[in-house]
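Produce the complete structure using the sequences and hints provided.
Protein chains: 2
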Amino acid sequence: MALIVQKYGGTSVGSLDLIRKVAQRVIKTKTEGHEVVVVLSAMAGETDRLLGMARQMAKDPEPREVDVLISTGEQVSVALFCLAVNGMGHEARSLLGFQARILTDTIYGKARIQDIDVTRIREQLGRGRIVAVAGFQGLDERGNITTLGRGGSDTTAVALAATLKADACEIFTDVSGVFTTDPNVCQEARKLEKLTYEEMLEMASLGAKVLDIRSVEFGMKYGVPIWVRHSQTDEPGTLICEETNDMEDMIIRGVVYSRKEARITITRVPDRPGIAVAILSPISSANIVVDMIIQNTSAGGEGFTDFSFTVPKDDFEKSMLLVRDVAQRIGGEKVLGDDAIAKVSLVGVGMRNHAGVASRMFGLLAAEGINIRMISTSEIKISCVIDEKYTELAVRTLHSGFGLDRE
Amino acid sequence: MALIVQKYGGTSVGSLDLIRKVAQRVIKTKTEGHEVVVVLSAMAGETDRLLGMARQMAKDPEPREVDVLISTGEQVSVALFCLAVNGMGHEARSLLGFQARILTDTIYGKARIQDIDVTRIREQLGRGRIVAVAGFQGLDERGNITTLGRGGSDTTAVALAATLKADACEIFTDVSGVFTTDPNVCQEARKLEKLTYEEMLEMASLGAKVLDIRSVEFGMKYGVPIWVRHSQTDEPGTLICEETNDMEDMIIRGVVYSRKEARITITRVPDRPGIAVAILSPISSANIVVDMIIQNTSAGGEGFTDFSFTVPKDDFEKSMLLVRDVAQRIGGEKVLGDDAIAKVSLVGVGMRNHAGVASRMFGLLAAEGINIRMISTSEIKISCVIDEKYTELAVRTLHSGFGLDRE
Chain A
584 MALIVQKYGG TSVGSLDLIR KVAQRVIKTK TEGHEVVVVL SAMAGETDRL LGMARQMAKD
644 PEPREVDVLI STGEQVSVAL FCLAVNGMGH EARSLLGFQA RILTDTIYGK ARIQDIDVTR
704 IREQLGRGRI VAVAGFQGLD ERGNITTLGR GGSDTTAVAL AATLKADACE IFTDVSGVFT
764 TDPNVCQEAR KLEKLTYEEM LEMASLGAKV LDIRSVEFGM KYGVPIWVRH SQTDEPGTLI
824 CEETNDMEDM IIRGVVYSRK EARITITRVP DRPGIAVAIL SPISSANIVV DMIIQNTSAG
884 GEGFTDFSFT VPKDDFEKSM LLVRDVAQRI GGEKVLGDDA IAKVSLVGVG MRNHAGVASR
944 MFGLLAAEGI NIRMISTSEI KISCVIDEKY TELAVRTLHS GFGLDRE
Chain B
584 MALIVQKYGG TSVGSLDLIR KVAQRVIKTK TEGHEVVVVL SAMAGETDRL LGMARQMAKD
644 PEPREVDVLI STGEQVSVAL FCLAVNGMGH EARSLLGFQA RILTDTIYGK ARIQDIDVTR
704 IREQLGRGRI VAVAGFQGLD ERGNITTLGR GGSDTTAVAL AATLKADACE IFTDVSGVFT
764 TDPNVCQEAR KLEKLTYEEM LEMASLGAKV LDIRSVEFGM KYGVPIWVRH SQTDEPGTLI
824 CEETNDMEDM IIRGVVYSRK EARITITRVP DRPGIAVAIL SPISSANIVV DMIIQNTSAG
884 GEGFTDFSFT VPKDDFEKSM LLVRDVAQRI GGEKVLGDDA IAKVSLVGVG MRNHAGVASR
944 MFGLLAAEGI NIRMISTSEI KISCVIDEKY TELAVRTLHS GFGLDRE
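Top line first, the protein sequences correspond to chains A and B. Using this note's numbering, the letters of the first sequence map in sequence onto residues 584 to 990. Using this note's numbering, the letters of the second sequence map in sequence onto residues 584 to 990.
Hints were generated in silico from the structure; no laboratory data involved. Just so you know, not all the hints are guaranteed correct.
No copy labels: a pair is met if it fits in one copy or bridges any two.
What the hints assert, rightly or not - Simulated pairs of lysine-lysine, DSS-like, Cα-Cα distance not exceeding 30 Å: (1) Lys604 <-> Lys642; (2) Lys642 <-> Lys611; (3) Lys642 <-> Lys613; (4) Lys792 <-> Lys804; (5) Lys901 <-> Lys642; (6) Lys792 <-> Lys604; (7) Lys748 <-> Lys804.
See the structure below:
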């Protein structure tokens, strides 16, 4: 008998029929002899519907009450799920954030889990019941409802699995696992059997949408094996775990891309200490997250530098205004902006032991006539900023160039 | 400065626009210098929508999970209300059943309030905030969500007013007060300025839908003055309170009617001790509530009796089956059923001091050719069962016959 935490996302519980199917699936796991804790998201579209109402009530909706509002989405899901299970002759019991004692800090809308008291969950499991915990929500120390932000139900599931010392945490979704790249862009994309937490973290950060980053961090910190599985099939899916010897011997685990950033460059900035801070502090003060930063010698001559960085596309206009202002003060020549860019990245722990991955990547892109605008690297990833129009071509080129289309 | 509890029903918060209007109204009361606790129902239609989903999930939905499901309705209302108030530059804070510490028993769907710990409400009021409490919901001692049944938000409001020792409890709804009779049936219906708890209890029990009976009981027990007011006007509404000398000197306060019952008669039953128990115990065992009961000498001869009683129309078919079975066993002649009946009632504490109300009532009905099928009386009411088709005629006749159309 194993203790299994299963999480079902919004598309997996998007209708009453689908909730019934989830109920059947969970009952199957239960009758195979396992203890099951289920974490559910809101039905697909429900959180957005509720947020839409909030925005109609106030231009800048008060975060505490937004959390009270949107946490009803998961509450509806767990109640309907338990009604279905009970209607099928099995016993299920729902627990909301405050009942499952999921304690968080008080950052409404982006709360972080601090502690879970699983006494009540264990008690219900002990009575032979399926326990359905509302994902995405928690309670702060003063008894206020909080929510964990987009993808928060993944975090609820992994945190519960960690605290319960569960044998497995299964994230059921509408894809059958983690792929070597986006199958919508590259037909040769292959499902991975296993990858490491670090690889999943990089892939999620760089654009793969399959898992919330914080849930992977949680899994890594507490050593929870995470399975990503399709909710409508019996395929085993992909296992995210610590690095093991039996992992497929691949230098590169995946190719990911993101079209969510824009690039800003100030040309011919006087190259003196403190220039980076001068440029970036107004940006960070405006709560805009800078991703890549590059500073190199300007074509305009010695003593000057060109300074480039990327920001989320949504913050592009605002950032341009701020940077133009800075450029005037510090004496840059021009401010150039480009929001038609994409970031294409290679991820894999195998890079650590293999030289020449970067040069091979640049060579593959060059051979297709794709110019590289910016580069950033870490121990297990290389990212290149390119013109947006080349995104799909670059992904396919790198995918086959690094042999990811072959078993 | 007074402490006022205001309750707004489902039709008063039936749309985002209406919630905004409620927010304005509450802010007005607040800025006039009062402390305000607001109790909100679910948006009109929401509870039924959620119940519909529950019934699609299971034939006989598990009551605990139904409560988890439908309590989201009030949660959405209080959150949207607070978002609106905060958006208008004032401070409001929502509290759900578990946060307002509304402790109930564990009868899901029909829970009764046992205790309220108002510490947190007082603390929020002390900070100058408007407090919005989700109506209809509570928490049992083990931390399960419970709901109070239809009309439960009225009870939440009056119970809060009692515990907080509020100066007034205002029930805002879509009618402007309690009327001498249903204005849809009788154009001459007049709004009452005041009536007693006992009168309101009788009127609510006998068919007036304006207030939940339990809320009136609560008000009577703890002496909470209850105002029934229209949410869209500034009219003072109707005050429900203890009997006072300045109450309008009326023998009859109102005429109420109900079409929700059906009558069952067994003719020529042997008239011996225990016959009533023999007939009614299968009915009560089936959880069917019997209202009026009449037993009189049968036209069929001495030693026999005709036995009649009323049951809710919804339980009519089931009751007929049960009674036919009993009739065979105890030797009744025929079982007659009639579900085309109505109950018309007069209510008023003035009856206590005025003889002849009953005979005047019977005379008025007889003059219109309306046959009386059954009669039941209490200290402050008289009810007659008549053929359903005469309902409106009877109501109008009694209303003018007792001078209720005159100031």
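Checked hints:
1. In this assembly of identical chains, the alpha carbons of Lys604 and Lys642 lie at most 30 Å apart only when taken from different copies (17 Å versus 39 Å within one copy).
2. Proximity of Lys642 to Lys611 under the C-alpha cut-off of 30 Å is restricted to the inter-copy arrangement: shortest distance 21 Å between copies versus 46 Å within a copy.
3. Taking the shortest alpha-carbon separations for Lys642 and Lys613, only the inter-copy value of 22 Å comes in at or below 30 Å, while the best intra-copy value is 46 Å.
4. For the identical chains of this complex, Lys792 and Lys804 are intra-copy neighbours only, at 21 Å inside a copy versus 58 Å across copies, given an alpha-carbon limit of 30 Å.
5. Taking the closest pair of Cα atoms, Lys901 and Lys642 come within 30 Å of each other only inside a single copy of the chain (19 Å); across copies the shortest separation is 55 Å, beyond that limit.
6. Proximity of Lys792 to Lys604 under the C-alpha cut-off of 30 Å is restricted to the intra-copy arrangement: shortest distance 24 Å within a copy versus 41 Å between copies.
7. Proximity of Lys748 and Lys804 under a CA criterion of 30 Å is satisfied intra-copy only: 13 Å inside one chain copy versus 52 Å between copies.
In summary, the structure agrees with every hint in the numbered list given earlier.
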